[in-house]
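Engineer: Sequences and hints are given; from them, build the entire structure.
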Amino acid sequence: KNEVEQSPQNLTAQEGEFITINCSYSVGISALHWLQQHPGGGIVSLFMLSSGKKKHGRLIATINIQEKHSSLHITASHPRDSAVYICAVNLRDDKIIFGKGTRLHILP
Amino acid sequence: DTGVSQDPRHKITKRGQNVTFRCDPISEHNRLYWYRQTLGQGPEFLTYFQNEAQLEKSRLLSDRFSAERPKGSFSTLEIQRTEQGDSAMYLCASSPRRGQGLNNAYEQYFGPGTRLTVT
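Respectively, the protein sequence lines represent chains A and B.
1 is the number of the first residue of the first sequence in my numbering; add one for each residue after it.
1001 is the number of the first residue of the second sequence in my numbering; add one for each residue after it.
Keep in mind that the hints were calculated from the coordinates and are not lab data.
Heads up, a few of these hints could be off.
Stated by the list, open to error - Computed beta-carbon distance windows for the label pairs:
hint, chain 1, residue 1, chain 2, residue 2, range
1, A, ASN64, B, SER1073, 34 to 42 Å
2, A, HIS38, B, ARG1022, 21 to 29 Å
3, A, GLY16, B, ASP1007, 35 to 43 Å
4, B, ARG1015, A, ASP93, 33 to 41 Å
5, A, LYS53, B, GLN1017, 45 to 53 Å
The beta carbon of each residue, even a glycine, is placed where N, CA and C say it ideally should be.
Structural biologist: Following this line, the structure appears as structure tokens:
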């Protein structure tokens, strides 16, 4: 079993829909990251959080430390949001473990 | 552009050849990470540096792999006697490290990656 599990693996939705991507982890962490990767490989950090909730534009990330679970939400989704979204956790020894990613495709 | 840069962006090599990749981190960042990503998978940790010190190497990093960061600035990752299984995207990231203790997490800034194809 992977230490970081994401669901769903693939998600196709219509433009405008509210999107939720989930991440569960089984190890002790100091922080959790949500990353976005576009075709071609470039990775952009969206959020780093260790408690509560963060919001940036149409993106919202939440984390529940007790339940070892985080969600990434996208409101009013747009085709340009199509990408792979990766959850990654900072272990307490500073290593980072990544989930396999969720491939999101927003249809116009 | 003061982001993380990697060179080359693409490398095609024949099995058995040696290859070397370079990563230039954001200048004030003292942490530098190397990751490998194969198709359809998330990145996997390979190794990381705090300044010039290599703090940890993954068991994924066989003896054919070596990484250096001699002056605590740029880093190189060398793969000797490449195998077809080494074909992957090699990603570099850098971060500032703030303070000590458990709550010292920090944001990582990724380079564009070097895509290696071993034929």
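Engineer: Each hint should be assessed against the structure and marked as holding or not.
Structural biologist: Verification of the hints:
1. With their beta carbons about 39 Å apart, ASN64 (chain A) and SER1073 (chain B) fall inside the hinted range of 34 to 42 Å.
2. For the hinted restraint 21 to 29 Å between HIS38 (chain A) and ARG1022 (chain B), the CB-CB distance of approximately 23 Å keeps it satisfied.
3. Distance hint check for GLY16 (chain A) and ASP1007 (chain B): the Cβ-Cβ separation is about 41 Å, which falls inside the suggested range of 35 to 43 Å.
4. A hinted range of 33 to 41 Å holds for the C-beta pair ARG1015 (chain B) and ASP93 (chain A), which are about 35 Å apart.
5. Look at LYS53 (chain A) against GLN1017 (chain B): about 49 Å separates their beta carbons, and that is inside 45 to 53 Å.
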